[in-house]
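Enquirer: Spelled out, the chains give:
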Amino acid sequence: MTDYFCASGLRRAHRLVLGALVALACSGAWADENPRDPYEGFNRSMFAVNEVIDKYAAKPVAQVYDNVAPLPVKASAGNFFGNVGDLWVGVNSALQGKFGDAGVDLGRLLINSTVGIFGLFDVASELGLERHDEDFGQTLAVWGVDGGGYLYWPVIGPRNVRDTVGFAVGTYADPVMYVRPVSVRNSMAALRFVDVRASLLPSDKVVEEAALDKYAYIRDAYLQRRRNQIFDGRPPRLDD
Amino acid sequence: MMKKLIALFFAGFVASAAFAQEAPDVLVKRVTDDVLEIIRKDRDIQNGDTHKVIDLVDKKVLPHFNFTHMTALALGKDWRKATPQQQQQLTAEFKILLVRTYANALTGYKNQRVVYKPLKMAPTDTDVLVRTEVLQPGSKPVQLDYGLEKLESGWKVYDVVVAGISLVTNYRDQFAQEVRNGGVDGLIASVSAKNKSLEANSKK
Numbered sequence: 001m002t003d004y005f006c007a008s009g010l011r012r013a014h015r016l017v018l019g020a021l022v023a024l025a026c027s028g029a030w031a032d033e034n035p036r037d038p039y040e041g042f043n044r045s046m047f048a049v050n051e052v053i054d055k056y057a058a059k060p061v062a063q064v065y066d067n068v069a070p071l072p073v074k075a076s077a078g079n080f081f082g083n084v085g086d087l088w089v090g091v092n093s094a095l096q097g098k099f100g101d102a103g104v105d106l107g108r109l110l111i112n113s114t115v116g117i118f119g120l121f122d123v124a125s126e127l128g129l130e131r132h133d134e135d136f137g138q139t140l141a142v143w144g145v146d147g148g149g150y151l152y153w154p155v156i157g158p159r160n161v162r163d164t165v166g167f168a169v170g171t172y173a174d175p176v177m178y179v180r181p182v183s184v185r186n187s188m189a190a191l192r193f194v195d196v197r198a199s200l201l202p203s204d205k206v207v208e209e210a211a212l213d214k215y216a217y218i219r220d221a222y223l224q225r226r227r228n229q230i231f232d233g234r235p236p237r238l239d240d
Numbered sequence: 001m002m003k004k005l006i007a008l009f010f011a012g013f014v015a016s017a018a019f020a021q022e023a024p025d026v027l028v029k030r031v032t033d034d035v036l037e038i039i040r041k042d043r044d045i046q047n048g049d050t051h052k053v054i055d056l057v058d059k060k061v062l063p064h065f066n067f068t069h070m071t072a073l074a075l076g077k078d079w080r081k082a083t084p085q086q087q088q089q090l091t092a093e094f095k096i097l098l099v100r101t102y103a104n105a106l107t108g109y110k111n112q113r114v115v116y117k118p119l120k121m122a123p124t125d126t127d128v129l130v131r132t133e134v135l136q137p138g139s140k141p142v143q144l145d146y147g148l149e150k151l152e153s154g155w156k157v158y159d160v161v162v163a164g165i166s167l168v169t170n171y172r173d174q175f176a177q178e179v180r181n182g183g184v185d186g187l188i189a190s191v192s193a194k195n196k197s198l199e200a201n202s203k204k
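Quick note, the sequences are listed as chains W and V, same order.
In case it helps, the numbering used here puts the first sequence at residues 1 to 240.
In case it helps, the numbering used here puts the second sequence at residues 1 to 204.
None of these hints come from the bench; they were simulated from the model.
Treat the hints with caution; some may be incorrect.
[Said to hold, decoys possible] Listed next, the in silico DSS-like pairs over lysine-lysine satisfying Cα-Cα at most 25 Å (straight line):
| # | chain 1 | residue 1 | chain 2 | residue 2 |
| --- | --- | --- | --- | --- |
| 1 | W | Lys214 | V | Lys59 |
| 2 | V | Lys194 | W | Lys205 |
| 3 | V | Lys196 | V | Lys59 |
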């Protein structure tokens with residue numbers, strides 16, 4: 001969900017992730033264990049932490065942004081970061097053997113960076129070059145890497161072990177992380193984070209009102225959504 | 001007079017027969033366009049009047065949904081263990097919750113445009129997935145798919161899938177947990193309590 005957390009604390013975040021994984025391996029099993037969620041105890045505490053961070057920091061900022069910024073500005077911000085992300089999308093399309101898609105991704109990047117004025121306008125979509133949804137976590141899945149257990153991280157949200165690795169690798173391939181000076185890089189990363197959070201505002205009410213257990217609702221939605229992405233929107237049917 | 005009545009009766013019959021045979025993708029498009037058109041013109045709904053949306057969904061969308069199938073799908077293997085009466089009660093409560101969820105999902109997005117994907121289906125198919133996409137400026141398109149089955153009364157929706165997330169089967173683990181804790185009756189009570197608290201909140 002919050003794919004693009006700012007990178008200033010990234011190294012620290014990586015160390016934190018590692019430490020938490022070790023802690024997980026040592027911690028005891030959650031009572032009444034769900035095979036889809038072996039670290040449920042740990043995850044539920046992290047979820048509680050994140051709810052507080054979201055309620056008092058991330059969500060209010062995103063709401064202000066959503067209310068203040070006019071639609072063209074929001075659309076341009078979304079397009080700009082989408083364009084920046086298309087490079088890594090293209091690399092992942094290629095790594096998954098989808099070379100036609102990779103060509104489209106590269107074409108999008110070229111068109112939107114030039115005709116689309118540094119990516120502020122998504123001209124490529126208007127021309128019928130559809131944006132793809134790829135990341136390194138999906139690439140690992142296509143390569144046959146097992147998902148590992150489900151994890152809930154503060155700030156970056158739900159990710160299984162495979163997607164956590166995918167996310168860590170993805171941050172190294174993120175052009176925004178190489179922007180200098182650092183202050184500009186941080187502002188861009190922060191704006192992207194707010195933009196992503198703001199785009200999730202409409203689903204807040206849906207989840208809030210639909211869920212009997214918000215934690216479980218988000219977990220199962222994450223698991224379904226990732227499966228759908230890995231199969232590019234055409235997952236094989238599960239038997240009921 | 002009699003002639004007119006017969007003509008009217010016949011016209012109604014033909015219309016309803018045509019309606020029952022409406023292809024699933026045509027049905028989805030007609031209902032979606034209809035509902036979006038109303039939402040676009042209604043200021044109250046745009047300003048978050050949940051009751052008005054629920055009324056709209058009740059009138060326009062519900063006749064095309066098969067809630068019994070939806071509830072069975074959400075409950076999974078526990079469905080067969082429930083008595084017919086429990087099945088009925090749970091369906092009634094789950095229907096209220098789903099309508100609200102769907103209404104929230106419909107009104108949360110502004111400036112959206114829906115694109116309908118071509119449907120590949122054989123004339124003998126009785127279970128299809130109609131694919132649509134919601135486009136919003138600056139965002140990735142959101143996949144919105146409907147699972148439909150053919151019944152005698154026409155095609156009925158039994159699953160709504162947003163971005164790969166089935167609004168129905170996403171309840172499976174939560175329902176199973178409730179059943180483990182308090183049986184099917186416990187689950188019915190939980191969903192009912194949830195509906196009551198949402199209703200109380202929206203009246204404030």
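Enquirer: Hint numbers the structure violates, sorted upward?
Expert: 1
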